[in-house]
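S.K.: Chains as they are written, first to last, in the working numbering: chain X, 29 to 276; chain P, 46 to 352.
What the hints contain is simulated information worked out from the structure, not anything from laboratory work. Glycine included, each C-beta is placed from N, C-alpha and C at the ideal position. Please note that the accuracy of each hint is not assured.
Stated by the list, open to error - Facing chain X, according to a computed beta carbon distance under 10 Å, are these residues of chain P, among others: (1) M83; (2) G96; (3) N167; (4) S169; (5) T237; (6) K312.
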Amino acid sequence: MICSSQDASALWAYQGLRARGLHPFELVTAEMLTTTAKWEHTVGVDGANFNVTLADGRIINNRYVSGVVNRLTHVPLQHLAGTPDFEYAQQEYTALFMSWLNTLPSPIFNGVQSQGLSGAWRHPSEWVWLAAQAGLRTPSYSQSSHDEIDETLQLRRIVPDGTPTAMVIALGDHVFGQSLPPQIANACKELARLCQTPLLGIELTLGPPHGLWTFAGATPMPDLRLGGEPLLNELARQLYVNRPRRNS
Amino acid sequence: MILLCGIPTETPIALVREALDDNNTPYVVLNQRKFSTMKMSLEISGGKPSGKLQLNGDSYSVDEFTGVFTRLMDYHHLPELKDEPAGSPQLKFCSNLFETLTRWAEISSARVVNRVAPMGSNFSKPFQAQLIKRYGFEVPETLITNDPQLVRAFRARHGRVIYKSISGVRSIVQTLSDDDMTRIDNIRWCPTQFQAFVEGTNVRVHTVGERVFATAIKTDATDYRYAHRQSGDHAELRPVDLSDDLAEMCVKLSAGLGLAFAGIDLKITPDHEAYCFEVNPSPAFSYYESQTNQPISRAVADYLSGN
Chain X
29 MICSSQDASA LWAYQGLRAR GLHPFELVTA EMLTTTAKWE HTVGVDGANF NVTLADGRII
89 NNRYVSGVVN RLTHVPLQHL AGTPDFEYAQ QEYTALFMSW LNTLPSPIFN GVQSQGLSGA
149 WRHPSEWVWL AAQAGLRTPS YSQSSHDEID ETLQLRRIVP DGTPTAMVIA LGDHVFGQSL
209 PPQIANACKE LARLCQTPLL GIELTLGPPH GLWTFAGATP MPDLRLGGEP LLNELARQLY
269 VNRPRRNS
Chain P
46 MILLCGIPTE TPIALVREAL DDNNTPYVVL NQRKFSTMKM SLEISGGKPS GKLQLNGDSY
106 SVDEFTGVFT RLMDYHHLPE LKDEPAGSPQ LKFCSNLFET LTRWAEISSA RVVNRVAPMG
166 SNFSKPFQAQ LIKRYGFEVP ETLITNDPQL VRAFRARHGR VIYKSISGVR SIVQTLSDDD
226 MTRIDNIRWC PTQFQAFVEG TNVRVHTVGE RVFATAIKTD ATDYRYAHRQ SGDHAELRPV
286 DLSDDLAEMC VKLSAGLGLA FAGIDLKITP DHEAYCFEVN PSPAFSYYES QTNQPISRAV
346 ADYLSGN
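Bound-form chain X, shown alone (with noise of 0.2 Å):
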């Protein structure tokens, strides 16, 4: 499990995992990542691996994880805050944590993207777009260079500010946290295999007057506890089941 220290859903996660038998099941905070750890990331003739040794002396290597829960968002460097090249350093560590990121296998939820460290964020636009081609109904969506909203200091919302929503979780070929009608919770799943994100937090509205299930958004970051206890079963199911097999 990698995930910020401050990531309450995922350490609740964790601990339920744990609970469930999976051993070794190791819990790595982001924090832990950037102080005091001792790199080596190699890429070459070899495949790319990684070796990073933990200031409590746990050694992570890529060569003997088989399963991962990734929880990343970002490179935490506040304690680099205020020195000269502050934003190169800043630069420089999230793309190494993107490289070897990519070096863990499967299965993973989330691996990372070019768009994101656990999984690709999506501007609303797109999501919509995305969620149409699923097969999901979308409310109508539109944006304008006289908007309001200023996106570099707020996040646009695609339904407005207020409206009810329900998040569902779709993991492989289940979705956990609502009961939804089979149509819509197979283009739930449908929308997570678009944008290759195993664990995928789908947002909807059910609307009056036709109690219609439609979209409202989506993140590779959802709130796992939404899913309970059933999500667990299955994540601990999956990363039980599909981890690679080793010969010795």
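Once you've looked at the hints, dock chain P against the given chain X.
M.R.: Showing chain P alone in chain X's frame:
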């Protein structure tokens, strides 16, 4: 109709424009510096994008644009905005205008050179190197570390070693010298990328759709972009033909990364192995075109026109 976005006097834009003129292909230029005279809207209904762009006193439906060539610069650096305070209405308008344009281009069915999302692989060189290897290229032996001891061992193993940025931040590739080794403890502060030096000929390959233009670069410098500074002589560029297999590998690599237009940095060793260092998603091709007369801008214009 083709849409050219950027600063019209920037050479790559000017060259593509010239090629479109030669082909009598209709186009409009979105001059980024005249942002305050523009308006744009984007709607998505039932998964289909539509919208309007008001430009140069005319109004266009975005559906009219079948090709887009974009070299937008970070609007914060536009001379018209350099003194604007953070959060000013001008900055907000500019942000919303170019955000709307970019968002439309990401999902439009037009031929876009290049979309933003696929350009992301270039943010991390070792990440991109892992993708490059999947297409059959060799990549140089690379070590990223903050442990000076590992660098010493890597240098002992490979002899000549270079270092450069891990990220897309432009850096001058340098040979790791004895003098550098006296400061090697500084890497404890931030992991640094080292690579075994590869002997051979630098070749820049521009791919445009399925067309390939290869340029050999002769120089003694470690980084040919800075040949004069590093070796005292300018690099010599000449067109070369790639083998069919290598040309096909280049086309597949660019397509696999989602790039309609790319600048691929290769080194061909004396044993004819092709090492790939990087795929640039926004290549400054005009330098190569001006030195070799290779018709790269014409190929871009053809691609945008659907040819």
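S.K.: All hints, please: hold or fail.
M.R.: Hint-by-hint comparison with the structure:
1. Of the supplied interface hints, the one on M83/P holds, with its beta-carbon coming within about 7 Å of a beta-carbon of chain X, less than 10 Å.
2. Checking G96/P against chain X: minimum C-beta separation of about 8 Å stays under 10 Å; hint holds.
3. Among the interface hints, the one on N167/P holds; its C-beta lies about 8 Å from the nearest C-beta in chain X, closer than the 10 Å criterion.
4. Contact between S169/P and chain X, as hinted, is supported at the beta carbon level, the nearest pair being about 4 Å apart and thus within 10 Å.
5. The beta carbon of T237/P comes within 8 Å of a beta carbon in chain X, closer than 10 Å, and the hint placing it at the interface holds.
6. Because the beta carbon of K312/P sits about 14 Å from the nearest beta carbon in chain X, more than 10 Å, this interface hint is broken.
In summary, the structure is inconsistent with hint 6 from the numbered list given earlier, while agreeing with all the others.
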